[in-house]
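Visitor: If you're matching them up, the sequences are chains A and B in order.
So for the first sequence, UniProt numbering puts the first residue at 1; every next one is plus one.
So for the second sequence, UniProt numbering puts the first residue at 1; every next one is plus one.
Some hints could be false.
In this list, chains with the same sequence are indistinguishable; a pair is considered to hold if it fits within one copy or across any two.
As the list claims (entries may be wrong) - In the DSS-like style, the derived pairs of lysine-lysine whose C-alpha atoms are separated by at most 27 Å in a straight line are:
1. K145 <-> K115
2. K40 <-> K6
3. K217 <-> K339
4. K339 <-> K145
5. K5 <-> K259
6. K95 <-> K115
7. K95 <-> K339
8. K40 <-> K217
9. K26 <-> K40
10. K339 <-> K13
11. K26 <-> K217
12. K6 <-> K217
13. K13 <-> K40
14. K259 <-> K107
15. K84 <-> K107
16. K87 <-> K107
17. K12 <-> K40
18. K278 <-> K424
19. K115 <-> K339
20. K145 <-> K107
21. K12 <-> K115
22. K107 <-> K95
23. K84 <-> K2
Calculated from the structure, these hints are not laboratory results.
This is what each chain is made of:
Protein chains: 2
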Amino acid sequence: MKIYKKSLAEMKKVVADYTSQTIDLKIEQAVSEIIANVAKNGDEAVRNYERQFDNVNLADFSIPEFQLDQAWESIDDDLRAALKLAKQNIISFHKREIENSFVDVSKPGILRGEKITPLASVGLYVPGGTAAYPSTILMCALPAKLAGVERIVMVTPPQADGINPAVLAAAKLAGVDEVYQIGGAQAIAALAYGTASIAPVDKIMGPGNIFVATAKKQVFGKVAIDMVAGPSEIGILADDSADADEVAADLLSQAEHDKRARPMLITDSERLAEAVAKSVTQQLTTLPRTEIAIAAVNERGFIAVMDNVNDMFALMNEVAPEHLEVQLASPIQYLGLIKNAGSVFLGRYASEPLGDYVAGPNHVLPTGGTARFASPLGVYDFVKRTQFIQFDRANLAADVPAITKLARTEGLEAHARAVEARFKGGE
Amino acid sequence: MKIYKKSLAEMKKVVADYTSQTIDLKIEQAVSEIIANVAKNGDEAVRNYERQFDNVNLADFSIPEFQLDQAWESIDDDLRAALKLAKQNIISFHKREIENSFVDVSKPGILRGEKITPLASVGLYVPGGTAAYPSTILMCALPAKLAGVERIVMVTPPQADGINPAVLAAAKLAGVDEVYQIGGAQAIAALAYGTASIAPVDKIMGPGNIFVATAKKQVFGKVAIDMVAGPSEIGILADDSADADEVAADLLSQAEHDKRARPMLITDSERLAEAVAKSVTQQLTTLPRTEIAIAAVNERGFIAVMDNVNDMFALMNEVAPEHLEVQLASPIQYLGLIKNAGSVFLGRYASEPLGDYVAGPNHVLPTGGTARFASPLGVYDFVKRTQFIQFDRANLAADVPAITKLARTEGLEAHARAVEARFKGGE
């Protein structure tokens, strides 16, 4: 892993290179054509793309309920227990995110409020092959359930040897209502626009390749989307007291996800920097996904040695990592210094994979610097708000001068006349 | 206005035509080139586009603070008072939306929580000419202030006779920190990517033409955006007791916004339907923006006569209007039937323009059917959440079997090893 010893200003330039984005017009156009075709031709278009891209001929996209039951029974006891533990903790954490409608009646004759309503339906994209993660199904579906969503739809690309039973078992445990074996941009288009066999949803979530991500971005507006997810990231803030092997192991836990994953260590200890770099090199050799992890470590990973703790946090806020570990003494005292991060892991025993699976907080997190403005997936992602007001005659009358003044200043005469219409003839 | 008397099923097909969307590849491509150019060439690219599109040669984009002060002094007393009233009520309503961080310490040795942090900076697009609304500046900037945003930037296209003083006065009153006279897709690109003279922001909000809307959609991911806003809509649910002239006046208050605005009445009274249609025709003739309103009424407006109140609400939920008036007796009893709407106006005296200006709830609302999943602009749009966990050794140890089982099921060996690293040598 490359070790930098530069000033904060210089390091900010280094990490800025890591967060730049580019627009790929060819992919945008290809995806746009797929979406237009599915919006127009429905099931037939989806079927053709599945033949073309996934090499399958599907009469029916649906996976029936009994196959989910069979999958749940087929997995081993340890996996069932682990999924159940994850479910329990995801629910106990996300329950705290449930929000209330409010009403303000502080002024007699005026009622103002905001009503919270669950989305009617959401769609969950689950990638195929080795990237099909049962844990992600729980992370996406359970907060939707807590929000009160009544229809949860899952799509996942067809597989030569059938859909992974662990994926179907997780869908069963999470209470997914409908499962379809379709994938790619055509699946996103089907969820957004609906087809004869798949009713449209109000929001689409879940990770996917560049075609899925681009399709989600393009249907945004027609439906809601969770986020445009990028490669995994882990940023670790550690001082000389941290254990180099543990830090290295945590960096590698994200490096193994994707060649473009970003493992990052920011420390004030040169000794730790060198020890972690050495340990990463050693541990890398024995990993099953070593090729992926090596690419991530060499091409996207870095270790930065900073002068002091404040600079460490300032640089990490610039990065805005998806996962942030704070391996410093009394880590909670630093929570106020963290401005931009998806999920924070405090102290030696909050190893990142704990949060990926069973701690309860979500593992669908903002990536690519978007933690500057975006949040983890949560119950709040599955509700919408509706404002309401009721005024009596006297309170409207009192506001007529201000309303008509503003309306006429903005050149909107019909706005002014609408409120004046209530007081014609002094009634 | 066209009056329909059809079944609910048939009417759902009619309103579906009103909510379809199309992708315009030419505009997408033109905007994509502008964004790429501004991202690469910064101020120089923005300056060239301003020359090309707005016919001005700008040495400096910035409007200095003293011009905002002058504008505030230059507007008349009634306008100042109206803006101040709007500000006061916007603040008193949106204060209720402020959310708290939470922490869960219900299990000894485990700490889990979610921290709420304001966005560092936001950008507000204000259209030029007659569509430059001072009220919208208050609606956008004040919730951001309440959230704790420290840098609010406004952009607005340069005008031959200078920026509207009411716009600059509203910016002053709302506490906008920086104002630049640039517009179009190039302004959105400058806010998203930053230039030498304009630092980038974390989120972009505010209405604009198709180029602005497309640019916002394309920079989504690099920054957050509020929504892709469409033409104004008003849906009115009224029974035979409603006043036809008042209903007609409220329909026209939205029709005057845009030729593509959608005024809609859903009623169970044929008498009211005909009386409203007649009153709309009469009132139309005397409106200053009559040409715009006529187009909206004829091309996009409709009146639907339904069999009963339940069908009225079912159809309106299908439409998911930006503004929804309930002109029925005891309107608040129907709040539970409203699933999809941006802002709801209950009863005769909650005329829509009341909400546009001074009632306090926001007037930046979901359009085009997006109220199915989107919310009014609020304080929650200007914060992000960061999860955090801390576990002690015993609690991590208890979860190791479940974590390693799930990790290895998902083929992520490095995830399993990271947690196991904490327990090497039984320490």
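Visitor: Now tell me, hint by hint, if it's right for this structure.
Guide: Now the hints, each set against the structure:
no. : hint          : in the structure
1   : K145 <-> K115 : both (18 Å within a copy, 23 Å between copies)
2   : K40 <-> K6    : between (55 Å within a copy, 26 Å between copies)
3   : K217 <-> K339 : both (26 Å within a copy, 25 Å between copies)
4   : K339 <-> K145 : between (29 Å within a copy, 17 Å between copies)
5   : K5 <-> K259   : within (25 Å within a copy, 60 Å between copies)
6   : K95 <-> K115  : both (18 Å within a copy, 15 Å between copies)
7   : K95 <-> K339  : both (24 Å within a copy, 22 Å between copies)
8   : K40 <-> K217  : both (19 Å within a copy, 22 Å between copies)
9   : K26 <-> K40   : both (21 Å within a copy, 20 Å between copies)
10  : K339 <-> K13  : within (19 Å within a copy, 47 Å between copies)
11  : K26 <-> K217  : both (15 Å within a copy, 17 Å between copies)
12  : K6 <-> K217   : neither (37 Å within a copy, 37 Å between copies)
13  : K13 <-> K40   : between (46 Å within a copy, 16 Å between copies)
14  : K259 <-> K107 : neither (59 Å within a copy, 37 Å between copies)
15  : K84 <-> K107  : between (49 Å within a copy, 18 Å between copies)
16  : K87 <-> K107  : between (44 Å within a copy, 16 Å between copies)
17  : K12 <-> K40   : between (47 Å within a copy, 19 Å between copies)
18  : K278 <-> K424 : between (83 Å within a copy, 18 Å between copies)
19  : K115 <-> K339 : between (30 Å within a copy, 10 Å between copies)
20  : K145 <-> K107 : between (36 Å within a copy, 24 Å between copies)
21  : K12 <-> K115  : between (43 Å within a copy, 25 Å between copies)
22  : K107 <-> K95  : between (33 Å within a copy, 15 Å between copies)
23  : K84 <-> K2    : neither (40 Å within a copy, 56 Å between copies)
In this structure, the earlier hints numbered 12, 14, 23 are contradicted, and the remaining ones agree with it.
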